[in-house]
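A.B. asks: Sequence:
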Amino acid sequence: MKFLKVFALSFISATFLLSSTVFAIEKSFDDNIDNLLKDSSIKCSDDYNDFKKISDSSLTKIREISNYSQSLDKNYNVHSNDPRSFSYDLSFDENKSFKIYKLDTPDFVEYFNNNGNFKNNISKNYNWMSPVYENGNLKHIATFSKNHGDFEMIGFIENVNSTMFESFINLDKLKETLKKNNLTTPSEIKFVKVDKYHINLIYIRQNNQEYAIPFTNTVSKMNIDNGNVYMISNLANKLSNYSITKSSSNDKQGGGTNIVISSRVKSLATSLVFLSASLLLFLNFKKRKNTIK
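According to mature numbering (1 follows the signal peptide of the UniProt record, and there is no 0), the stretch in the sequence shown is residues -24 to -1, 1 to 269, in order.
One or more of the hints may lead you astray.
Stated by the list, open to error - The calculated lysine to aspartate or glutamate pairs, modelled on EDC-like cross-linking and capped at a C-alpha distance of 20 Å, are: (1) LYS72 / ASP32; (2) LYS197 / ASP83; (3) LYS78 / ASP15; (4) LYS149 / ASP7; (5) LYS78 / ASP148; (6) LYS37 / ASP69; (7) LYS78 / GLU128; (8) LYS214 / GLU186; (9) LYS29 / ASP65; (10) LYS156 / GLU128.
Stated by the list, open to error - Across the chosen pairs, the derived CB separations fall in these ranges: (11) GLY125 / LYS156: 39 to 49 Å; (12) ASP7 / LYS149: 13 to 23 Å; (13) SER163 / ASN111: 22 to 32 Å.
Keep in mind that the hints were calculated from the coordinates and are not lab data. Heads up, the beta-carbon is just placed ideally off N, CA and C, and yes, glycines get one too.
Based on the sequences and whatever the hints tell you, model everything.
C.D. replies: Listed below in structure tokens is the structure:
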């Protein structure tokens, strides 16, 4: 009887110790990932206050452009595939707003084949991407950038592939994927946009090995699976078989319509408005002059 008591106590102690160890490992993993992703979070960045200052005006701009697009849908059937109400609520999710880098050399495959790494091709320059929710559903992805000291929205992707983007920016899903693939001690995690191949990817570095989790609207053409982990070398090999010249102009990272808002476009639009107004004034003046005669 005494032996059974001792055995039971030993078993309970061992179970408790094992549980504590597992919990400590889990917490260490979570803390490591959270710390690595802090640099990618807009809420932890120096740009956060600037983002807050223009968030309302940016949502207004998105709403105005979307309403204009919808008016084309209804009146001219230009690109009608998603009829919506003209009145809807838009909001950013700051917790899912993240820093995304581009590549110094756009052709990821060519650079990798020549240099044998991906890390050194990641640009120091970056944008912020923030999901825009319409009535609680992911609808657009807005892009922000700091140009000459001014923080501004430079564009947005309209009507995105919500399922794909929700997976791309899902922290819990990322942790689950890393654990599943034994990537439990990464030293670097970054979000990267590979424009030439229409891919957004999560770059991971662990023990000097490079990995990527790609997300694209052209998975069937590239023979890759969204959300799966690939060694960078394997991904480069798969993409080398993808013909960029034959790719469709609709092959976008998000599967939506890319709306660009640049200073050049703004100034051009202002000029066109001014010219139109001047022309109307001239025609009215001419009409009145003819009437007086």
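A.B. asks: For each hint, tell me whether it holds in the structure or not.
C.D. replies: Evaluation of the provided hints:
| no. | hint | result |
| --- | --- | --- |
| 1 | LYS72 / ASP32 | holds, 17 Å |
| 2 | LYS197 / ASP83 | holds, 17 Å |
| 3 | LYS78 / ASP15 | holds, 16 Å |
| 4 | LYS149 / ASP7 | holds, 15 Å |
| 5 | LYS78 / ASP148 | violated, 24 Å |
| 6 | LYS37 / ASP69 | holds, 17 Å |
| 7 | LYS78 / GLU128 | holds, 18 Å |
| 8 | LYS214 / GLU186 | holds, 15 Å |
| 9 | LYS29 / ASP65 | holds, 19 Å |
| 10 | LYS156 / GLU128 | violated, 38 Å |
| 11 | GLY125 / LYS156: 39 to 49 Å | holds, 43 Å |
| 12 | ASP7 / LYS149: 13 to 23 Å | holds, 18 Å |
| 13 | SER163 / ASN111: 22 to 32 Å | violated, 40 Å |
Hint violations for this structure: numbers 5, 10 and 13, all remaining hints satisfied.
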